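Position chain B relative to chain A; hints supplied.
Protein chains in written order, with my numbering: chain A, 1 to 267; chain B, 1001 to 1358.
Worth flagging that the hints you see were computed from the coordinates, not collected in a lab.
Be aware that one or more of the hints could be misleading.
For lysine to any residue, the following SDA-like pairs were computed, each having C-alpha atoms within a straight-line distance of at most 25 Å [claimed, not checked]:
1. Lys187(A) <-> Leu156(A)
2. Lys187(A) <-> Arg1129(B)
3. Lys1167(B) <-> Asp1298(B)
4. Lys1074(B) <-> Leu183(A)
5. Lys1107(B) <-> Lys98(A)
6. Lys98(A) <-> Gly1014(B)
7. Lys187(A) <-> Ala1128(B)
8. Lys187(A) <-> Gln1132(B)
9. Lys1177(B) <-> Asp1165(B)
10. Lys1074(B) <-> Asp165(A)
11. Lys187(A) <-> Asp1165(B)
12. Lys187(A) <-> Asp1298(B)
13. Lys187(A) <-> Leu1134(B)
14. Lys187(A) <-> Glu1101(B)
15. Lys1107(B) <-> Thr182(A)
16. Lys187(A) <-> Pro1088(B)
17. Lys187(A) <-> Gly1127(B)
18. Lys1338(B) <-> Ala1273(B)
19. Lys187(A) <-> Met1102(B)
20. Lys1074(B) <-> Trp175(A)
21. Lys98(A) <-> Leu1013(B)
22. Lys1107(B) <-> Leu156(A)
23. Lys1074(B) <-> Pro206(A)
24. Lys1177(B) <-> Asn1076(B)
25. Lys1107(B) <-> Arg179(A)
26. Lys187(A) <-> Lys1338(B)
27. Lys1074(B) <-> Phe178(A)
28. Lys1107(B) <-> Trp175(A)
29. Lys187(A) <-> Tyr1130(B)
30. Lys98(A) <-> Asn1016(B)
31. Lys1074(B) <-> Arg179(A)
32. Lys1074(B) <-> Asp160(A)
33. Lys1307(B) <-> Glu1195(B)
34. Lys1074(B) <-> Ser162(A)
Computed footprint of chain B on chain A; a stretch qualifies when at least three of its residues, placed anywhere within it, have a C-beta under 8 Å from a C-beta of chain B [what the hints assert, rightly or not]:
35. 113-121
36. 167-173
37. 178-187
Cβ pair distances, simulated, as ranges [what the hints assert, rightly or not]:
38. Thr161(A) <-> Ser1135(B): 23 to 29 Å
39. Ser18(A) <-> Gly1124(B): 53 to 59 Å
40. Arg1061(B) <-> Arg92(A): 26 to 32 Å
Remember, it's a predicted structure, so these values are computed and weren't measured experimentally.
Just so you know, even glycine gets a beta-carbon here, dropped at the ideal spot from N, CA and C.
These are the residues of each chain, in order.
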Amino acid sequence: MSERSPFRIALAALAWVSMAFLVFPVILTAVVSLNDSFFIEFPPKALSFRWYENLAAIHRIGEATAISFAIAVAAAGLATVLALGAALAIARHPFPAKPGITAFLLSPVTLPMVAIGIALVQFFIAIDAAFTWWSLAIGHVVLVIAYPVRTLVASLTLSDTSLEDAARSLGASRWTAFRTVTLPQLKPGLVSGFLFAFLISFDNYPISVFLVRGDLTTMPIEVFNYISNNFDPTPAAFSTVYILVISVVIAAAEYRYRIMSLSIPRS
Amino acid sequence: MARLELDRVNVWLGGNHVLQDLSLTVEEGECIALLGPSGCGKTTTLRTVAGFIRPDGGDVRVGGASIARMAPNKRNVGIVFQDYALFPHMTVAENVAYGLEMRGVAKAEREGRVAEALDLVRLGDFGARYPQQLSGGQKQRVALARAIVIRPDILLLDEPLGALDRKLRDAMQVELKQLQRSLGITTIIVTHDQEEALSLSDRIAVMFDGRLHALDAPDRLYEAPDSARVMDFLGAVNTLSGTAEAAGDSIAIACDCGTRLSAHIEGLRPGRAVTLGIRPEHIALLPADAEAGENAVDAQVEEIVYKGAFADVIALTETGRRFHVRTEPARLADSGVKRDAAVRLHLPSRHLILVEAS
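Excised from the complex, chain A in its bound form (with noise of 0.2 Å):
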């Protein structure tokens, strides 16, 4: 194929299309935030950091961010240790309806949030277990396990079992070998399944709003809150924040560990 084929004019327009419109909601937004004016407006006529020195405003928006943060942390956490041992029935183990458990596994991504949420709400009312810490902390174990195993699996597969047979044919027992031998090698999937996690957790709102009750709440939930009785461009200026942090941790771990490798599927 030439390099001016109308073909690949017409592909390398859709994909500058495609990639501005990923990108433009974040540069409005970080416009906004900049923008002096109390209603949201575009272009900007005055620039000013004023929303930053507001981030206050947003009710408990410090205690909400360090729920929604330790939360994320334990469910990410608590679902990569669950997924690491799915991932390994499933990537090294036969075992019976294996492709039956494997989408159970990974049905949180496609069935519907508010499903979920409902679910999970009742499910912790019947245990008497409803509007707690840890029951918010379960719930988003639910949400968020499909990324570690979906990670973790990729991982494993590509991950070489003779080199725990070599590490046992050099003394190491089982557990030895997967500690030294194997763990390593899952290194990029256990962070980017993690992260994953952490991320989707993290910003969750239709699972959280039925999960939430007096003072647990997190923080999709009071910046929610907040765009619901104001107009100004606070929430705008919290959520720059926010992108800028998660890109600097996200380029980081890619920098580390190439972690996209392994969340976006091969053919």
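Chain B in isolation, oriented as in the chain A frame:
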């Protein structure tokens, strides 16, 4: 270093009888090649000796003691894996030190032994590198150093040269053989490459369908195999069939090549159908007007395939039999043999292999 015995070992895997009553003794310091087509059970044999597969029947003994129920990490067996299986997150020195660490060898001694092992495989300066910074041949040598540094009773090599290119393979063949001999470790090499088996081992065990078919020194197995299957598997061969006829002290065989071949084969009674083999390099290519001596067959050259060090000549007899003859290109040029030329083939009786009489 010890004698390894496989005693009527049976292994079933996924409903298949992969190893059937396999008995094999590898003497102390001996190097045996397990040779066979893929799926013949040679890798299963290796994994059984390593301890990754538990035999369903029979016993595996090292130095007389049974290891059949022992975990892989309790056996003192060094393995060089086909893909080397070097730990990618460890340096070369860390890879080699791993087995010593597992054995609780103190740091100072460990470092000394690692350096010694790396020197032995001529990688003394490569300790700080990572496996992905090494070439295929270097990785192979690290895998070898890692396996021998633990001073194993048994050394297992799984297709050791399979992943290397031709030139490197030839060099490593010599190196591996010298190393095995100088260390005197009881060794099993698993390979489907007959050249590797012929050049590296003291004896070759030929396996088909989970059974041991032949066990002998490489030259004896090549020159005088005792079954058609082994003869056919080891190198190229011309297979002939015929009927034995009485003729003085030797025996004549009326052959499907249109001649009576005389052969010195004891115990063969007249009237029996026989299968004979002759290696392509053992057939002499003579001009058509050469003196018609014993065991001469007239044929016409159908094709000449130049292969550098040698040339393969395909010759067709009047009876429609094709002979595969291997000769030196220089000799071919001297004799002026060309395509479609008439030639006389000489099949020396001492090179005729009798493999089957029915």
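Hints, one by one, checked against the model:
no. : hint                                 : in the structure
1   : Lys187(A) <-> Leu156(A)              : 10 Å, holds
2   : Lys187(A) <-> Arg1129(B)             : 21 Å, holds
3   : Lys1167(B) <-> Asp1298(B)            : 39 Å, violated
4   : Lys1074(B) <-> Leu183(A)             : 22 Å, holds
5   : Lys1107(B) <-> Lys98(A)              : 45 Å, violated
6   : Lys98(A) <-> Gly1014(B)              : 18 Å, holds
7   : Lys187(A) <-> Ala1128(B)             : 22 Å, holds
8   : Lys187(A) <-> Gln1132(B)             : 18 Å, holds
9   : Lys1177(B) <-> Asp1165(B)            : 18 Å, holds
10  : Lys1074(B) <-> Asp165(A)             : 13 Å, holds
11  : Lys187(A) <-> Asp1165(B)             : 33 Å, violated
12  : Lys187(A) <-> Asp1298(B)             : 70 Å, violated
13  : Lys187(A) <-> Leu1134(B)             : 23 Å, holds
14  : Lys187(A) <-> Glu1101(B)             : 23 Å, holds
15  : Lys1107(B) <-> Thr182(A)             : 24 Å, holds
16  : Lys187(A) <-> Pro1088(B)             : 13 Å, holds
17  : Lys187(A) <-> Gly1127(B)             : 24 Å, holds
18  : Lys1338(B) <-> Ala1273(B)            : 35 Å, violated
19  : Lys187(A) <-> Met1102(B)             : 23 Å, holds
20  : Lys1074(B) <-> Trp175(A)             : 14 Å, holds
21  : Lys98(A) <-> Leu1013(B)              : 20 Å, holds
22  : Lys1107(B) <-> Leu156(A)             : 32 Å, violated
23  : Lys1074(B) <-> Pro206(A)             : 54 Å, violated
24  : Lys1177(B) <-> Asn1076(B)            : 21 Å, holds
25  : Lys1107(B) <-> Arg179(A)             : 21 Å, holds
26  : Lys187(A) <-> Lys1338(B)             : 65 Å, violated
27  : Lys1074(B) <-> Phe178(A)             : 16 Å, holds
28  : Lys1107(B) <-> Trp175(A)             : 23 Å, holds
29  : Lys187(A) <-> Tyr1130(B)             : 17 Å, holds
30  : Lys98(A) <-> Asn1016(B)              : 23 Å, holds
31  : Lys1074(B) <-> Arg179(A)             : 18 Å, holds
32  : Lys1074(B) <-> Asp160(A)             : 22 Å, holds
33  : Lys1307(B) <-> Glu1195(B)            : 17 Å, holds
34  : Lys1074(B) <-> Ser162(A)             : 18 Å, holds
35  : 113-121                              : violated (count 0)
36  : 167-173                              : holds (count 7)
37  : 178-187                              : holds (count 4)
38  : Thr161(A) <-> Ser1135(B): 23 to 29 Å : 24 Å, holds
39  : Ser18(A) <-> Gly1124(B): 53 to 59 Å  : 54 Å, holds
40  : Arg1061(B) <-> Arg92(A): 26 to 32 Å  : 31 Å, holds
Violated hints, listed in ascending order, are 3, 5, 11, 12, 18, 22, 23, 26 and 35; each of the other numbered hints is respected by the structure.
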